[in-house]
Amino acid sequence: MRGRPENLSPEVEARPVVLEIEGLTHYFDSLRAVSNFSVTIKEGELVGLIGPNGAGKTTVFNLITGVYRPTAGSIRYDGAQLVGLPSHEIIQMGIARTFQNIRLFANLTVLDNVLIAYHPHSGYGLADSIFRSRRFREREKVMIERSQEFLEIFGLADRQNDIAGSLPYGLQRRLEIARALATQPRLLLLDEPAAGMNPQEIDQLMELIQFIRERFQLTIFLVEHRMRLVMNICEWITVMDFGEIIARGKPEEVRGDPKVIEAYLGRQAIR
Amino acid sequence: MLQRLRGPNLSFILGSLAFFVVVQILISTGLLNPYWQNILFWGAAMTMVSLGLNLIYGFNGQFSLGQFGFYAIGAYASADITYRWVRNDPSALVVVIFGSILALIFMLGISAFLRRFYGVATLTKFLFNLLAAVLGFFLAVRFINPAIGQPLYQALNGLPQGISQQIVFFLALVGGATLAGIVSYLFGIPVLELGSDYLGIATLGFTIIVKVLLDNTDTLLPFPEMKGARGMVGIPKWTTWPWVFVCFMAVVLVMRNLLHSSTGRAILSVREDERAAELVGINTASTKILAFVVGSVFAGLAGGIRAHDMAFLHPTMFGFLPSFNPLIIIVFGGLGSMTGTIITGFFWIFLLEGLLRLYLPEGFETWRFVVYPLVLLGMMLLRPQGLMGRYEIAFLRRPLPSLRVVKETPPTPAVAPKAEEVAV
Ligand SMILES: Nc1ncnc2c1ncn2[C@@H]1O[C@H](COP(=O)(O)OP(=O)(O)OP(=O)(O)O)[C@@H](O)[C@H]1O
Ligand SMILES: [Mg+2]
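These protein sequence lines are chains A and B, in that order. The first sequence lines up with residues 212 to 482 when you count with our numbering. The second sequence lines up with residues 968 to 1391 when you count with our numbering.
Honestly, the hints are just simulated from the structure, not real lab data. It is possible that some hints are incorrect.
[As the list claims (entries may be wrong)] Residues on chain B that point at chain A, a partial pick, calculated with CB under 10 Å: (1) Gly-1086; (2) Ala-1088; (3) Ala-1233; (4) Leu-1235; (5) Ser-1236; (6) Arg-1238; (7) Ala-1252; (8) Arg-1357; (9) Leu-1367; (10) Leu-1370.
[Unchecked claim] Derived list of chain A stretches under chain B, where covered just means 3 residues or more per stretch with a C-beta under 8 Å from a C-beta of chain B: (11) 289 to 298; (12) 301 to 309; (13) 323 to 331; (14) 358 to 371; (15) 389 to 395.
[As the list claims (entries may be wrong)] Not the full set, but computed from the structure, chain B residues with beta-carbon under 7 Å of chain A: (16) Tyr-1085; (17) Val-1221; (18) Asn-1224; (19) Leu-1225; (20) Ser-1228; (21) Ser-1229; (22) Thr-1230; (23) Arg-1232; (24) Asp-1240; (25) Val-1247; (26) Gly-1248; (27) Ile-1249; (28) Pro-1368; (29) Arg-1371.
No residue lacks a Cβ here, since even glycine has one placed at the ideal position from N, Cα and C.
Full structure from sequences and hints, please.
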């Protein structure tokens, strides 16, 4: 199959495909940010996407989530074509993401941030809100309780009424993951979740990722520079440079690949 | 039921009822003379317009200068309904009410139909909706009015005069507000897709278009009774304190309940970070349209109140310069504060149209527009968050849910495992 390493276990290969990207190409004016990118991810996998700065990793995530419409190529989720759909519909289909530069609703409370992600599942309408119907009160109570459960999982329960922008950096990263999970995804896209963290925080983050993966039965596609994280938790890795895939394989294989070393040494060493 | 009325809710309701009664007594006993009564009603209308704009700009983050256009539409439409009614002509009432209903039904149908296709261009969406609205009003003019106009008139006039007048006034207010809502929906479809700067320019253009059309109601448009730039006279003076109070409270309550709901949080999220909102599954386009339409409906309703208080309408009331009033009010009161808007809205009219008009010399009117921008500039420099910032009185504040009581400690990975155990 295209878009996957050859030597994965048959048990994994037998699982259904969650995300299938083929021939994805995207130009910003004349700059080719992504070029003929293909990847196929199966249910329950944790796949890494690495590459030097400007390689096009974030652009791939933006294309999957409908922020840009690709110049060419196809993106299928659960068999359904995503190209051309508006972002909110893609998210509602079960894909969630976080951002490289944290994008919380900074002036709203921590709880609000999670509640907003619940909005498509709120289950009541405009008339219910305006007339404060019974359904409004019941559904609102359920939403708040569910969101609070999420905050508990992420160790943010006691901060629920704090303003999100006032949280320390590490907690903001956590809140962003909590908010993404509140959209009830099957596929989670994490864009450099470990950026700006120290090794100890990275270890905690790895633990968190493993935990939510089990608990919510997620398939995870993860962009990361920090090799400590990528090498430890990813089952296999795709390496990009200048928008193109230059290597693909298990962490230990990729690490020794001369093309990968060259791409990184060209601009920065593998940390 | 009673439990829900405790605390801030109860004191707010009692407080506003007391205010209502006191003002009503003052009016009945003649202590509040017509001059100040007019100022009070005007202040209420201006506050309603400004609350609408605060919903659009302060809470939803969409910079609009179109608010006075919708205010004008509400004023002229409702005035036309009652103007014709008291001259034994029910046509405006029938056309606005039934035309709006048909237009809404058609637009809903068209939107549901278009939703089945992916990637429908904005312009297509706009044209289809425009067509639906035009068809609705065309049918009302062509078929519904001839069929039920006279019977409806007879039936309503069969009621005691006071009652039929109140019903017609109610329908006129609703009709004006609905029409403003429909126009804002049509206008919002293409325009809200633009970024904030372009939105400002486009909505300013809208206000100017409305003003020009009002200048030419008797020449370009088929409404000789509006008398174009000479001003519309002979509107029944039906606005009373109970009507002002009920409409004002309706606006405050609807806005509060909307903001304190899941939709309200979605509205706020668009202001905070539109792209992030879209990427947690919020349909930002429809959220923006919703806030825009609700804000415009408030303006349209205020227009009806104002028209039937003045009993006179002139296009200059809705011109370029006055259209900045709501913006100044919400910036002063605080973007994103209903409390601030309510305080500044009344105070602005009280001060500028009430006090200063009485005590300052004639030429003041001209100077106002030198003073406004300077005051605004000073405000921006000294207190950019507005008088109230985002403060709200208890009744209008979004409730903070209490912390959940945890029965057992859930597994929190942050504390549970140590690093060594993890390393593969
Ligand atoms: N909106 C945009 N308009 C124009 N060019 C863009 C845009 N977004 C990204 N680019 C360019 O596309 C290329 C790929 O960018 P991208 O952000 O996807 O890289 P990345 O792999 O995520 O890098 P980093 O590790 O720095 O996050 C870069 O050259 C970048 O400058
Ligand atoms: Mg990036």
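Right, here's what the structure says about each hint:
1. Gly-1086: holds (5 Å)
2. Ala-1088: violated (12 Å)
3. Ala-1233: holds (5 Å)
4. Leu-1235: holds (6 Å)
5. Ser-1236: Holds, about 5 Å.
6. Arg-1238: For B/Arg-1238, the interface hint holds, since the closest Cβ of chain A sits about 8 Å away, which is under 10 Å.
7. Ala-1252: holds (8 Å)
8. Arg-1357: Status holds, d = 8 Å.
9. Leu-1367: holds (5 Å)
10. Leu-1370: holds (7 Å)
11. 289 to 298: Since 4 is at least three, the answer is holds.
12. 301 to 309: The restraint on the stretch 301 to 309 of chain A holds, since 4 of its residues have a Cβ under 8 Å from chain B and three suffice.
13. 323 to 331: Coverage by chain B holds here, the residue count being 7 at a Cβ distance below 8 Å.
14. 358 to 371: n = 9 at 8 Å, threshold three: holds.
15. 389 to 395: holds (count 4)
16. Tyr-1085: It holds, given that the least Cβ distance between B/Tyr-1085 and chain A is near 6 Å, below 7 Å.
17. Val-1221: Holds, about 6 Å.
18. Asn-1224: The hint holds - B/Asn-1224 has a Cβ within 7 Å of chain A, the shortest such distance being about 5 Å.
19. Leu-1225: holds (6 Å)
20. Ser-1228: holds (3 Å)
21. Ser-1229: holds (4 Å)
22. Thr-1230: Status holds, d = 6 Å.
23. Arg-1232: holds (5 Å)
24. Asp-1240: Given a least distance of 5 Å, the restraint on B/Asp-1240 holds.
25. Val-1247: holds (4 Å)
26. Gly-1248: holds (4 Å)
27. Ile-1249: holds (6 Å)
28. Pro-1368: It holds, given that the least Cβ distance between B/Pro-1368 and chain A is near 5 Å, below 7 Å.
29. Arg-1371: holds (4 Å)
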